Every structure is written in C-alpha cells, then in structure tokens.
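Sequences and hints are given; from them, build the entire structure.
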Amino acid sequence: MHMNDYRETTMLSRVADSLYWMSRYLERAVHTARLIDVDLQLRLDQSPDAGSERWLGLLQALQVPVPEDGAIDAESLTHLLTLDRTNPSSIISCVAAARENLRQVREQCSSEMWEQLNRLFLQVKSTASSDSGLLDSYQFFRAVQDGAYLFQGVTDSTMSHGEGWHYIQLGRFVERTDAVARLIGAHFSRFPHPLDQAVESEEYLEWVALLKSCAAFQAYCKAHTAELRPLRVAEFLLLNPGFPHSVRFSVDMVHAALRAISDLTERKAEQPVRIAGRLRATLSFSQIDEIMASGANAFVDSIRWQCNQAHTAIHQIYFDYSVESALVA
Amino acid sequence: MPEPAHALSRPPFRHYQFDSAYDEMFEAPGIPRPHYRALFQTLLDLPPEELRKSQQAADLSFLHQGITFTVYGNSEGTERVFPNDLLPRIIPHAEWRKIESGLTQRIAALNLFLEDIYHSGKILADGIVPKELVYSCRHFRREMRGLSVPRGIYVSICGTDLVRLPDGSFAVLEDNLRVPSGVSYMLANRKVLKKVFPTLFRDYGVCPVDHYAQALLATLRALSPPNSAARHEPTVVLLTPGVFNSAYFEHTFLAQQMGIELVEGRDLLVHDNLVYMRTTAGLRRVDVIYRRVDDDFIDPLCFQRDSGLGVPGLFNAYRAGNVGLANAIGTGVADDKAVYAYLPQIIRYYLGEDPILANVPTYMLTDPSQRNYVLEHLDQLVVKAVGESGGYGMLIGPQSTAEQREDFRRRIQAEPRNYIAQPTLSLSRAPCFLEGEAQARHVDLRPYILYGENMTLVPGGLTRVALRRGSLVVNSSQGGGSKDTWVLRA
Numbered sequence: 000m001h002m003n004d005y006r007e008t009t010m011l012s013r014v015a016d017s018l019y020w021m022s023r024y025l026e027r028a029v030h031t032a033r034l035i036d037v038d039l040q041l042r043l044d045q046s047p048d049a050g051s052e053r054w055l056g057l058l059q060a061l062q063v064p065v066p067e068d069g070a071i072d073a074e075s076l077t078h079l080l081t082l083d084r085t086n087p088s089s090i091i092s093c094v095a096a097a098r099e100n101l102r103q104v105r106e107q108c109s110s111e112m113w114e115q116l117n118r119l120f121l122q123v124k125s126t127a128s129s130d131s132g133l134l135d136s137y138q139f140f141r142a143v144q145d146g147a148y149l150f151q152g153v154t155d156s157t158m159s160h161g162e163g164w165h166y167i168q169l170g171r172f173v174e175r176t177d178a179v180a181r182l183i184g185a186h187f188s189r190f191p192h193p194l195d196q197a198v199e200s201e202e203y204l205e206w207v208a209l210l211k212s213c214a215a216f217q218a219y220c221k222a223h224t225a226e227l228r229p230l231r232v233a234e235f236l237l238l239n240p241g242f243p244h245s246v247r248f249s250v251d252m253v254h255a256a257l258r259a260i261s262d263l264t265e266r267k268a269e270q271p272v273r274i275a276g277r278l279r280a281t282l283s284f285s286q287i288d289e290i291m292a293s294g295a296n297a298f299v300d301s302i303r304w305q306c307n308q309a310h311t312a313i314h315q316i317y318f319d320y321s322v323e324s325a326l327v328a
Numbered sequence: 000m001p002e003p004a005h006a007l008s009r010p011p012f013r014h015y016q017f018d019s020a021y022d023e024m025f026e027a028p029g030i031p032r033p034h035y036r037a038l039f040q041t042l043l044d045l046p047p048e049e050l051r052k053s054q055q056a057a058d059l060s061f062l063h064q065g066i067t068f069t070v071y072g073n074s075e076g077t078e079r080v081f082p083n084d085l086l087p088r089i090i091p092h093a094e095w096r097k098i099e100s101g102l103t104q105r106i107a108a109l110n111l112f113l114e115d116i117y118h119s120g121k122i123l124a125d126g127i128v129p130k131e132l133v134y135s136c137r138h139f140r141r142e143m144r145g146l147s148v149p150r151g152i153y154v155s156i157c158g159t160d161l162v163r164l165p166d167g168s169f170a171v172l173e174d175n176l177r178v179p180s181g182v183s184y185m186l187a188n189r190k191v192l193k194k195v196f197p198t199l200f201r202d203y204g205v206c207p208v209d210h211y212a213q214a215l216l217a218t219l220r221a222l223s224p225p226n227s228a229a230r231h232e233p234t235v236v237l238l239t240p241g242v243f244n245s246a247y248f249e250h251t252f253l254a255q256q257m258g259i260e261l262v263e264g265r266d267l268l269v270h271d272n273l274v275y276m277r278t279t280a281g282l283r284r285v286d287v288i289y290r291r292v293d294d295d296f297i298d299p300l301c302f303q304r305d306s307g308l309g310v311p312g313l314f315n316a317y318r319a320g321n322v323g324l325a326n327a328i329g330t331g332v333a334d335d336k337a338v339y340a341y342l343p344q345i346i347r348y349y350l351g352e353d354p355i356l357a358n359v360p361t362y363m364l365t366d367p368s369q370r371n372y373v374l375e376h377l378d379q380l381v382v383k384a385v386g387e388s389g390g391y392g393m394l395i396g397p398q399s400t401a402e403q404r405e406d407f408r409r410r411i412q413a414e415p416r417n418y419i420a421q422p423t424l425s426l427s428r429a430p431c432f433l434e435g436e437a438q439a440r441h442v443d444l445r446p447y448i449l450y451g452e453n454m455t456l457v458p459g460g461l462t463r464v465a466l467r468r469g470s471l472v473v474n475s476s477q478g479g480g481s482k483d484t485w486v487l488r489a
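Protein sequence lines, in the order shown, are assigned to chains V and B.
Sequential numbering of the first sequence, starting at 0, is according to numbering that gives the first Met the number 0.
Sequential numbering of the second sequence, starting at 0, is according to numbering that gives the first Met the number 0.
It is worth saying that the hints were derived from the structure and are not from the lab.
As the structure is a prediction and not an experimental result, all values here were calculated from the model.
We put the beta carbon where it would ideally sit given N, CA and C, even for glycine.
A portion of the hints provided could be inaccurate.
Taking beta-carbon pairs under 8 Å as the criterion, some of the chain B residues facing chain V (in silico) [unchecked claim]:
1. ALA254
2. GLU263
3. ASP266
4. LEU268
5. ASN272
6. LEU273
7. MET276
8. ALA280
Restraint-style ranges between C-beta atoms, simulated for each label pair [what the hints assert, rightly or not]:
9. B/LEU146 to V/ASP262: 42 to 50 Å
10. V/ASP262 to B/HIS210: 34 to 42 Å
11. B/ASN272 to V/GLY276: 36 to 44 Å
12. V/GLU74 to B/THR423: 52 to 60 Å
13. V/ASP262 to B/GLN213: 26 to 34 Å
Right, dumping it as structure tokens:
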C-alpha cells in the first residue's frame with residue numbers, strides 16, 4: 000500500500016466511535032427541540048385539557064419514561080425534555096454529550112466545528128442557569144435547531160469528506176431513521192384515521208404537527224397540497240427518496256456511509272453493509288398500501304430492529320473488534 | 000517622548016507601582032527601556048477603552064476555542080480559561096542569545112548526566128554528585144539501568160523555568176524534564192497578539208514561533224527505532240491520559256498541529272513487543288510515542304499496577320528497542336530539586352565549561368547545619384518538595400502563617416531529603432492590563448527546548464504571570480496567567 004493512502008485511512012477506533020456518538024447525540028437534541036417547538040405552537044391552538052394525552056405520546060416517541068409522580072404539565076414536561084440534566088435524553092444532556100464526544104477527538108475535526116458546537120453548548124448552558132422564561136418562547140428551540148444546522152454546514156464545508164465524516168453521517172442517519180420511525184409508529188397508534196380520507200377539523204392540527212416534527216410540512220404540501228391523507232403522509236415520511244427526513248432517505252445515507260467506510264478501511268464489512276442494503280431494498284420496493292395493510296407499527300418496528308442490528312454490527316467490526324481476529328488479518 | 004513624571008500620571012500608567020524587583024518595562028520610573036519604548040508610546044496613545052475591548056474579544060475567543068485547563072479538586076466548572084494578558088513581554092536579541100546558549104549547555108549536560116547514572120555512574124563514583132541523592136530519588140527508575148535509548152537522548156522536550164533577578168540577570172529556577180506543558184498557550188497567545196497589535200508587531204521585528212509543531216514532529220521522528228519498517232515516515236502518536244487531564248487542550252492542539260494521532264492508553268496494545276494502535280482498519284504499528292503520561296502510569300505491568308492510563312507491556316517493547324518514547328522513562332531524577340543544586344558541578348564535569356545561566360542558591364536539608372539555618376529562617380525562605388511541580392507542595396515564607404511554617408517544620412524534620420529551601424526571590428515585574436489599566440505583576444519565563452537530531456529553541460516561550468497582586472506564584476493551577484513573549488530579531 001502506498002504511504003499516502005495509509006495516512007488517509009488511519010483512524011482510531013475510539014475516535015470513530017466518538018464521532019459516531021457525537022453525531023447521534025446532536026441529531027437527538029435537534030429532534031427533541033423540533034418536537035417541543037411544534038408542541039408549543041400546537042398548544043396555542045388547542046384546549047388546555049388536550050395536552051396531557053399528547054404529552055404522553057411525546058414522551059413515548061422520545062423514549063423518555065413518564066415521571067414517577069405521574070404529574071405532567073406543560074412546564075414540567077418542557078423542563079424534563081429540555082434542561083433536566085438527570086434525563087439523559089434532554090436537550091442539554093444530549094448537547095453536552097455531543098460536545099464531550101467531540102472534545103475527546105477535537106484534533107480530528109476542524110476548529111470551526113469545535114467552536115460551533117462549543118458555542119451551542121455554552122448557549123444552552125447559559126439558558127439553563129439563567130432560569131428565565133425563555134423556554135416558553137420558540138426562540139430557544141429555534142436556536143438549538145439553527146445551531147445544529149450551522150454545525151452540519153460547517154462540518155460539510157470544513158472537514159474532509161473522508162472516513163471521519165462518514166462516521167458523522169452514519170451517526171446522524173442511524174439516529175434519524177430510528178427517531179422518525181418511532182414517531183410514525185406512535186402517531187398512527189394514536190390516530191387510527193381511515194387511511195385514504197382527508198383529515199379535518201381538530202385532528203388536522205395533529206397531522207400537521209407530525210409532519211412539522213419531521214420538518215416535512217412544506218415539502219409535503221409541495222408534493223400533495225395541504226390536503227392531508229394518512230396514507231400519503233405515511234408514504235411521504237417512510238418512502239420518499241428525496242426528502243432528508245424520510246426513513247428511506249435516511250437509510251440510503253446509512254448505506255452510502257457504510258459502503259464508503261468499508262471501501263476506505265479495506266475491511267470486509269459484509270454484515271452491516273448487508274443489513275443496510277436489505278433495509279434499503281425493503282424501502283425501495285415496498286408499496287405503501289401493503290405496508291399499511293399489515294399495520295404501520297409492525298413495519299416501523301421491523302425497520303428499527305434492523306437499524307439496531309446494523310448499529311451493533313458497526314460496533315463489532317470497527318470499534319470493538321477482538322485483538323486476535325485483527326492480528327490474524 | 001513625554002516627560003517621565005508626566006507619562007506616569009496618564010492612563011493607563013496612573014497607578015503603576017515600582018518596588019525593588021527588576022521592572023521589565025522601565026529602567027527608572029517613567030523611563031522605559033529602549034526595547035519597550037514603542038509599546039509604551041502605543042499604550043499612552045491608545046484609549047484604555049480600546050484595549051479593554053480587545054481584552055474582552057480575546058477572552059471570548061479563548062472561551063469559544065475552548066483554550067482551557069482543568070483544575071483538580073474542583074468538580075463544578077473544572078474547565079477554566081487560562082487567563083491571557085494582552086501586553087507582550089519583550090526580550091532583546093542579545094539577552095535571548097545568552098538564554099539560548101545557557102539552556103543548550105544545560106540540556107546537553109542533563110542528558111549526559113542521565114545517560115551516565117543509568118549506565119556506569121562515573122559522576123557518582125567520582126563523588127561529584129552523592130550516590131544517596133540519586134538512588135533515594137523517587138523518580139529514579141532502576142528499570143532503566145543499562146538500557147540504551149535512541150541517540151542517547153533522554154530529554155527531548157524540555158521547558159525550563161527562568162526568573163530574572165533584581166540585577167537583571169536570568170537564573171534557572173526549575174528544569175522540567177518530565178512532561179512540561181504550556182507550549183500551546185505560547186502559540187495561542189501569539190495568535191491573539193498578532194490580531195490585537197498587528198502594526199506594532201510588524202514594526203518590532205518579532206521572531207516567529209509558529210514552526211514549533213513542525214520542529215517537535217522532526218524531533219520525535221528522530222527517535223524512531225532503527226528496526227522500524229516505516230523508517231522514513233515513522234508513525235508518531237501523542238499519548239494523553241485523557242480528557243480529564245489538566246493539559247488536555249494542549250494534547251489535542253499539538254496532535255492537530257503535527258497531524259498525528261492523539262491516543263489514549265486504551266487505543267494502544269503491545270503484541271510480541273511491538274506497539275500497535277487500534278484503528279478502524281485494523282491494527283497499525285506505532286514507532287514513536289510522545290507521551291504526556293507520567294512514568295508511574297505508563298505501564299501497569301512495570302510501574303503502578305492499578306493505572307488504567309497506560310499500556311500493558313509498553314516498557315518491554317521500549318526495552319526491546321521497538322518504540323521510541325519522548326521523554327525517556329526516568330528523567331525525573333534529573334529535575335529533582337535536590338539534584339538541581341548540583342547542576343553547576345554537573346555542567347563542569349561533563350562539558351568542562353562554567354554554567355552560562357546561574358542556579359538559584361539552594362539549601363540542602365539533609366545537611367544538618369543548612370537544615371538548622373533553614374528551620375530558623377522559615378519565615379524568609381521558600382521551601383519546596385523535591386519531586387513536585389506545578390506550584391504544589393510549597394511554602395513561601397514571607398507570605399505564610401505560623402501554622403503553615405509549623406507544618407513544614409515537622410515535614411522537613413520527618414523527611415529532610417524530600418525538601419529543599421531557597422531564598423525568596425524577587426521575580427521581575429512586567430506591566431499587565433488589569434482592571435482597565437497597566438499594573439505591575441511578577442513574571443517568569445519558560446522557553447521550550449527540543450532535542451532530536453540537533454537542539455532547537457523556538458525563540459520565545461511562555462511568560463507566566465502571577466495575576467494576584469503581590470503574588471509570586473505563576474502556576475496556572477494557582478491563579479496564574481500568561482502573556483506573549485516577543486524575542487526581537489535584532
């Protein structure tokens with residue numbers, strides 16, 4: 000192997016692991032911020048007692064256990080999901096974890112990336128200590144989303160699109176696949192609306208909220224107008240090949256990142272590539288009415304399960320392989 | 000040039016104070032030294048508001064870049080920004096030449112000393128340095144006896160602390176031969192100052208320091224083992240104790256500047272006496288390790304057994320000559336503060352030259368008469384533990400309480416070998432921009448010396464500042480800060 004190729008591909012397993020998790024945590028933080036942002040707006044349009052059921056759904060979609068005292072109101076829920084350090088999925092916990100992961104590998108990223116993530120963290124932290132009514136406004140949640148988008152842009156334009164960058168892509172889209180699939184599953188269980196009828200009145204807002212939670216409302220309207228039919232919504236969020244928050248798009252990106260990493264490391268990574276490839280084929284060739292006939296939940300559960308398998312396989316091949324196997328190779 | 004008295008009545012010098020210490024800027028109140036004139040004039044002309052803004056911008060940029068250090072024993076807010084002062088410390092060319100030759104001489108002698116005591120021990124047999132002193136040192140590593148290190152270089156990276164005495168001469172306060180830190184702040188400070196005073200900087204003709212990382216990489220490569228497959232492009236890594244180490248920022252910074260991998264102990268493994276790192280593409284051989292982990296923690300099989308920071312088997316790989324380490328193991332014996340007292344004799348013994356840079360007078364507490372003198376004058380002296388660094392384990396007599404002195408008296412009597420005493424030095428003072436004006440603070444100077452194929456000193460160093468009024472302690476862990484050091488081209 001030529002020396003220069005070798006330099007290109009040296010990446011510590013620990014570093015790859017940290018980049019992957021940094022990206023997952025950040026994606027998780029943005030996802031949570033977007034959900035709360037949407038919820039805050041929805042709250043304004045609904046009667047006060049409509050909240051608690053939706054909040055339970057929100058907690059379920061974010062995999063956050065319901066607080067033991069069972070008391071959830073707008074304020075405590077927002078706090079739990081935003082600034083509560085004891086909740087590992089809160090925005091502040093996720094941004095801090097993302098930063099801590101990047102801090103451990105900061106010589107691997109560009110200084111612009113580190114500065115941007117550090118700035119986002121300091122901003123979230125100062126909100127946590129100021130204890131102001133900031134959380135009632137959408138501004139904080141918008142700032143978290145903007146900060147993360149900016150980080151993504153900075154990453155794409157200042158970091159080499161080499162192996163490290165592909166781990167970042169991988170983390171982001173593994174997380175996104177899982178989060179969007181979960182959201183769709185939770186929503187379709189709560190609203191068993193006839194699939195091919197346009198939704199109306201009160202419920203309409205809930206479906207708008209689902210799309211907005213995936214940053215998809217405007218893109219959906221462009222494709223299908225503002226008339227919302229559950230089947231079309233499901234198709235758009237699950238199978239649309241071009242929309243960056245659809246499950247299919249995310250799986251395509253996971254597959255592409257895995258292929259690239261497999262090529263760069265010259266390692267036979269059959270298992271994760273195979274799992275992602277199969278998932279990709281499933282999403283490319285499935286028909287939405289078939290999927291919905293056997294239930295949206297069963298389908299997203301199967302996707303999440305396979306996604307999790309891909310994650311485990313990545314871990315075993317790149318991050319935590321046994322020394323014996325590596326010495327033989 | 001304004002009248003001296005008049006100049007000192009104007010901001011930012013209105014409250015500038017003088018005492019018996021050497022002042023870096025002024026040769027007499029209101030009269031700047033020739034090499035400080037341009038800076039002095041700039042400060043008189045510049046509205047203090049302007050400087051204050053620059054200081055704020057610099058502080059913020061340090062915070063955003065995360066140029067921080069970690070304070071031990073403090074759980075909340077363990078990351079702190081290392082305070083940076085905007086006013087440069089200026090060193091004329093001739094003074095630097097003397098520092099350079101003095102340090103080159105000193106590091107050469109220290110390396111010869113280390114090679115000697117780990118091999119035949121001639122200097123001990125000749126009675127120049129007492130055997131007991133060397134063998135009783137906590138940092139002496141028996142495991143290193145008879146082991147030959149690449150090029151015979153033990154200390155490849157050194158940061159020596161210099162102080163300027165009231166007569167204007169420089170003296171060596173401490174040799175840091177283990178894992179000296181701070182060089183990243185030297186580089187960061189320079190970057191900031193170039194932004195704050197671009198014109199002044201250019202007009203002054205300051206020697207550049209930006210090539211430090213490149214020089215460090217060349218030094219490390221020179222330590223590559225002869226049997227390495229990648230002899231011409233050896234794989235060099237920087238071994239850090241991890242993100243909780245106080246100098247973690249520096250580790251990441253240097254690794255990035257050199258373009259080498261930053262590894263932790265868990266990233267490395269030893270198989271058949273070869274060192275590998277665990278990469279996503281499998282295992283890769285490592286040729287040279289710039290280790291920022293202390294001897295004690297580097298290999299749990301050989302040294303401290305419960306260390307999770309090191310690499311099991313590393314010492315055997317080193318013994319087998321399969322990996323280069325910078326610095327070598329066991330260099331701490333030569334910066335023991337009691338061995339330090341013998342440096343003038345060590346230099347004469349190996350090089351047949353008189354030391355160019357003086358030592359600070361040091362009382363050996365194992366000697367009964369010196370010990371008695373010290374115990375009677377604890378309120379005037381500085382007492383230091385011989386194996387400590389970073390300003391820990393230290394008594395500053397004139398600023399101590401009776402209780403602290405009593406504590407040190409007991410400790411000295413229990414373990415006299417563990418302590419030395421020195422007169423309380425009046426470190427030189429330099430103007431710092433604090434609370435919106437120029438104030439005099441004590442400073443020292445830590446230049447960095449690299450020794451690979453040849454010896455390199457990057458012209459400059461870290462000027463550390465005791466930011467608390469009246470304080471003599473410049474260590475970052477004890478409330479110190481730093482400022483850029485300008486070595487002039489001519």
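Going through the hints against the structure:
| no. | hint | result |
| --- | --- | --- |
| 1 | ALA254 | 4 Å, holds |
| 2 | GLU263 | 7 Å, holds |
| 3 | ASP266 | 5 Å, holds |
| 4 | LEU268 | 6 Å, holds |
| 5 | ASN272 | 14 Å, violated |
| 6 | LEU273 | 10 Å, violated |
| 7 | MET276 | 6 Å, holds |
| 8 | ALA280 | 4 Å, holds |
| 9 | B/LEU146 to V/ASP262: 42 to 50 Å | 44 Å, holds |
| 10 | V/ASP262 to B/HIS210: 34 to 42 Å | 36 Å, holds |
| 11 | B/ASN272 to V/GLY276: 36 to 44 Å | 42 Å, holds |
| 12 | V/GLU74 to B/THR423: 52 to 60 Å | 59 Å, holds |
| 13 | V/ASP262 to B/GLN213: 26 to 34 Å | 32 Å, holds |
Hint violations for this structure: numbers 5 and 6, all remaining hints satisfied.
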